[in-house]
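Protein chains: 2
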Amino acid sequence: MKKLSEAEIQDELQSLPGWEYADNALHTGFEFENFKEAFTIMTRIAFEAEKLDHHPDWSNVYNQLHISLYTHTEDGVTEKDIALAKIINDLVS
Amino acid sequence: MKKLSEAEIQDELQSLPGWEYADNALHTGFEFENFKEAFTIMTRIAFEAEKLDHHPDWSNVYNQLHISLYTHTEDGVTEKDIALAKIINDLVS
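Chains as they are written, first to last, in numbering that gives the first Met the number 0: chain U, 0 to 92; chain S, 0 to 92.
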């Protein structure tokens, strides 16, 4: 699992609406109807993250969810982050 | 639901091990064995928060969970924050 170059990341971001690359990680944010809707999506993401053995850095305040993806062992963004970002977009959309 | 004074908050904190008062809110952090354990506790907290209609500001990175409690409408700490902090400590212990 190798760290992607910035060019590779920017290329992947073309198919990841809502995500941006900054400070060596991928970031996005979502706003849901209420807490229950936000936590429902968090739960679905949690199961997928556990299956991938790759977990988000995330924070939630009521209906807002912010997610950062980063591969700690590579100190950057890898294919695992791209894969999890795609899963998250599929779950939310 | 009235904002508590700092003296009232410090008094409540006597029976809330692991919590501190700073920047107008209550804060704590927990470390679990892994992501699954952290998210399991988050789920139990989520149901209690929903029942109380009072929700945490929280962030999770793998096995780490940080929680801040604050009553937005009162711009401070109220009995609802104390109640949720007690529930969280009971769930985690």
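Certain hints may be false.
Given that identical chains are not distinguished, each listed pair holds provided it fits within a single copy or across any two copies.
[Claimed, not checked] Think about it this way: if two alpha-carbon atoms lie no more than 30 Å apart in a straight line, the pair counts; the simulated DSSO-like pairs of lysine-lysine are: (1) Lys50 x Lys2; (2) Lys35 x Lys1; (3) Lys2 x Lys85; (4) Lys35 x Lys79; (5) Lys35 x Lys2; (6) Lys35 x Lys85; (7) Lys1 x Lys79; (8) Lys50 x Lys35.
If you're looking for bench data, these hints aren't it; they were derived computationally from the structure.
How the hints compare with the structure:
1. Lys50 x Lys2: Cα proximity of Lys50 and Lys2: one copy only (21 Å, versus 43 Å across).
2. Lys35 x Lys1: between (36 Å within a copy, 25 Å between copies)
3. Lys2 x Lys85: This pair counts as within: shortest intra-copy Cα distance 17 Å, inter-copy 43 Å.
4. Lys35 x Lys79: Close inside one copy (28 Å) and across copies (18 Å); limit 30 Å.
5. Lys35 x Lys2: between (35 Å within a copy, 26 Å between copies)
6. Lys35 x Lys85: Both. Shortest intra-copy (22 Å) and inter-copy (21 Å) distances satisfy the 30 Å Cα cut-off.
7. Lys1 x Lys79: Within one copy only: 10 Å inside, 47 Å across.
8. Lys50 x Lys35: both (23 Å within a copy, 11 Å between copies)
When held up to the earlier numbered hints, the structure conflicts with none and fits them all.
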